[in-house]
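**Q** Read off the chains here:
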Amino acid sequence: MDGEISRQEAYPQDDAELVSAFKGGDKSAFDKLILMHKDKVFNMCYRLLGNYEEANDSAQETFVKVYRSLKNFRLESAFSTWLYRIAVNTCKNKLVSSKYRHNKMMVRLDNPIETEEGTHTIEIGNNSLSPANELERKEKGIRIQRAIDSLPEAQKTLVVLRDIEGLSYEEIAKITSYNLGTVKSKLARARQQLREKLKGLI
Amino acid sequence: MECIKIKELLSEYIDGTLDEQRKALVEGHLATCKACSKELVSLKAYAKQMASLKRTEAPEDFLKSVHERIERRFQFEKIVRALFFPARIKIPLEVTAIAATVVLAIFVFKVVEPTKGIIHAPLAPESVITAEKPAEITAEKPKEEPIKIARKEKLTKPAVVLEEEPPVIEADVAVPAPAKEAREVEEVITPPPIPIKEEKPIELALLIEPEVPVRPPGFTEALKALSDLGAPPERRRVTTMSMKEELARKAPPVTQQTRLADILTKVKDLVNTLEGKVISVEYEKETNIPQYITAEIPSRHYETFLQKLAQYGSVQGPPEEVELITAEPVSVKIKFAYSK
Numbered sequence: 001m002d003g004e005i006s007r008q009e010a011y012p013q014d015d016a017e018l019v020s021a022f023k024g025g026d027k028s029a030f031d032k033l034i035l036m037h038k039d040k041v042f043n044m045c046y047r048l049l050g051n052y053e054e055a056n057d058s059a060q061e062t063f064v065k066v067y068r069s070l071k072n073f074r075l076e077s078a079f080s081t082w083l084y085r086i087a088v089n090t091c092k093n094k095l096v097s098s099k100y101r102h103n104k105m106m107v108r109l110d111n112p113i114e115t116e117e118g119t120h121t122i123e124i125g126n127n128s129l130s131p132a133n134e135l136e137r138k139e140k141g142i143r144i145q146r147a148i149d150s151l152p153e154a155q156k157t158l159v160v161l162r163d164i165e166g167l168s169y170e171e172i173a174k175i176t177s178y179n180l181g182t183v184k185s186k187l188a189r190a191r192q193q194l195r196e197k198l199k200g201l202i
Numbered sequence: 203m204e205c206i207k208i209k210e211l212l213s214e215y216i217d218g219t220l221d222e223q224r225k226a227l228v229e230g231h232l233a234t235c236k237a238c239s240k241e242l243v244s245l246k247a248y249a250k251q252m253a254s255l256k257r258t259e260a261p262e263d264f265l266k267s268v269h270e271r272i273e274r275r276f277q278f279e280k281i282v283r284a285l286f287f288p289a290r291i292k293i294p295l296e297v298t299a300i301a302a303t304v305v306l307a308i309f310v311f312k313v314v315e316p317t318k319g320i321i322h323a324p325l326a327p328e329s330v331i332t333a334e335k336p337a338e339i340t341a342e343k344p345k346e347e348p349i350k351i352a353r354k355e356k357l358t359k360p361a362v363v364l365e366e367e368p369p370v371i372e373a374d375v376a377v378p379a380p381a382k383e384a385r386e387v388e389e390v391i392t393p394p395p396i397p398i399k400e401e402k403p404i405e406l407a408l409l410i411e412p413e414v415p416v417r418p419p420g421f422t423e424a425l426k427a428l429s430d431l432g433a434p435p436e437r438r439r440v441t442t443m444s445m446k447e448e449l450a451r452k453a454p455p456v457t458q459q460t461r462l463a464d465i466l467t468k469v470k471d472l473v474n475t476l477e478g479k480v481i482s483v484e485y486e487k488e489t490n491i492p493q494y495i496t497a498e499i500p501s502r503h504y505e506t507f508l509q510k511l512a513q514y515g516s517v518q519g520p521p522e523e524v525e526l527i528t529a530e531p532v533s534v535k536i537k538f539a540y541s542k
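Keeping their order, the protein sequence lines are chains H and E.
Residue numbers for the first sequence follow our numbering, beginning at 1 and rising by one.
Residue numbers for the second sequence follow our numbering, beginning at 203 and rising by one.
Hints are computed from structural coordinates only; laboratory data are not their basis.
Just so we're clear, the structure is a prediction, and the values are computed from it rather than from any experiment.
Glycine included, each C-beta is placed from N, C-alpha and C at the ideal position.
No false leads were mixed into what you were given.
Straight-line alpha carbon distances no greater than 20 Å define the calculated DMTMM-like cross-link-like pairs of lysine to aspartate or glutamate that follow:
(1) H:Lys32 <-> E:Glu270
(2) E:Lys266 <-> H:Asp39
(3) E:Lys250 <-> H:Glu136
(4) E:Lys250 <-> H:Glu134
(5) H:Lys186 <-> E:Glu241
(6) H:Lys174 <-> E:Asp217
(7) H:Lys32 <-> E:Glu262
(8) E:Lys256 <-> H:Glu134
(9) H:Lys138 <-> E:Glu259
(10) E:Lys250 <-> H:Glu139
(11) H:Lys186 <-> E:Glu214
(12) H:Lys199 <-> E:Glu241
(13) E:Lys280 <-> H:Glu61
(14) E:Lys266 <-> H:Glu53
(15) E:Lys250 <-> H:Glu196
(16) H:Lys186 <-> E:Glu210
(17) E:Lys256 <-> H:Asp149
(18) E:Lys510 <-> E:Glu498
(19) H:Lys32 <-> E:Glu259
(20) E:Lys246 <-> H:Glu196
(21) H:Lys197 <-> E:Glu210
(22) E:Lys256 <-> H:Glu53
(23) H:Lys65 <-> E:Asp263
(24) H:Lys71 <-> E:Glu273
(25) E:Lys266 <-> H:Asp57
(26) H:Lys32 <-> E:Glu273
(27) H:Lys65 <-> E:Glu270
(28) E:Lys266 <-> H:Asp26
(29) E:Lys250 <-> H:Asp149
(30) E:Lys266 <-> H:Asp31
(31) E:Lys209 <-> H:Glu196
(32) H:Lys199 <-> E:Glu210
(33) H:Lys140 <-> E:Glu259
(34) H:Lys197 <-> E:Glu241
(35) E:Lys256 <-> H:Glu136
(36) E:Lys207 <-> H:Glu196
(37) H:Lys27 <-> E:Glu273
A few chain E residues that face chain H, going by a derived Cβ cut-off under 7 Å, partial list only:
(38) Glu214
(39) Arg257
(40) Glu259
Chain H on its own, in the form it takes in the complex (with noise of 0.2 Å):
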């Protein structure tokens, strides 16, 4: 099996230290924050949007509105709860802009097959796949990501986070806004869906 990724933890004291320093006049300290948080945000842009610039844009729209509203953030809740909400924000407004649907169907049919991913993936673990393999393997993550692509923003939204990013469903709750109790039937029926759609593939 392919070995699983880990993902990027956040380290919620070390980030409440850096909120402060910046706070404190260090500028440094959201670098820092941002060196932190930089992957996990990028990837998080990257699924809900199906489209590398545009998650790189989105990824930098993000960090730029955490330095201009950092020194006034209260660590009432855990910075990164407040960083992932920001940029499920930003990739949300971006879905639903004209532009961004119009240049995701000109790719498409421009590059039915050619991967989206780009060269910037990185494979951790296995390194025993074959050429054909890795092939495979691409072409089921573009797959996987056109069926997430094609669900409704909301269940798109509690896939990735939870998923893909796994983010528990108390911090999924914080992030959208949604009860608890919403969160896992919203949740139940997303799963129910993608998988219908990746039925075969899986």
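Here the structure of chain H is known, so what remains is to put chain E in place on it, guided by the hints.
**A** What follows is chain E alone, placed relative to chain H:
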């Protein structure tokens, strides 16, 4: 429990979030239900697959890109602020401009109002003075000749004017005041212009030569009678002469008065003929003989006036060169006098 309900719980079951009671229920069902067990396997595979999807990392220059984006945003907002903040200033400036215009308008308006007050301002201090000393009103009043002449009448009237005129200079109240004064002036003398020119009238003296008295009726008979009485011719001549002188000396005031009245009438007629107007006549208090006549003569007729005036007597007084403002009428004051 039915499979549908169990399947609904499987999602939570694989996430380990079911409470103990429901977890037991699911596990109990799964032990006996192949379909639900198969479903659970499928679900777990899905979860695994999703968790193992390749993670897409941020590009290496991500931090730099974020910094650049922040800088660009800052510069952009700076420009926007520079554009719109001046607009915000502009608005206040515009408002300020409008406000300044309003203030200016109010200022001008208020200047105009106090100007009206200023016209009457001289009256106000005078009112303060004259309220205490009504007798001095005529002396300090704006030079209105009617006041000089009808002093007695005017003494009371200024007081009336002053009472009506409030010490506070207000346009509303001040405006009717001059109109009232004008009316009062008109009552005294036939319409003089209120702002009486301040120029001193040309003072002339008309020396009236005593002419051969008109012999009273019966004088000739009286003279003949004396001659019939046998007075010698020399005596008659002397007598005649002395009688003439005596007659002249003994010319009764009535005769003088009559003569002056006659000349006054002629001078008045002359003034009117020359398109001038008689301003005033002053009489001696005791004798009531005309003493002065003040008139206005159009400057173009002034020369003519002097020539004609010479018919009635010797005109003395006018300087050789009189500055005549062609547009302005000449004011003359003629003193009647008998030459001896």
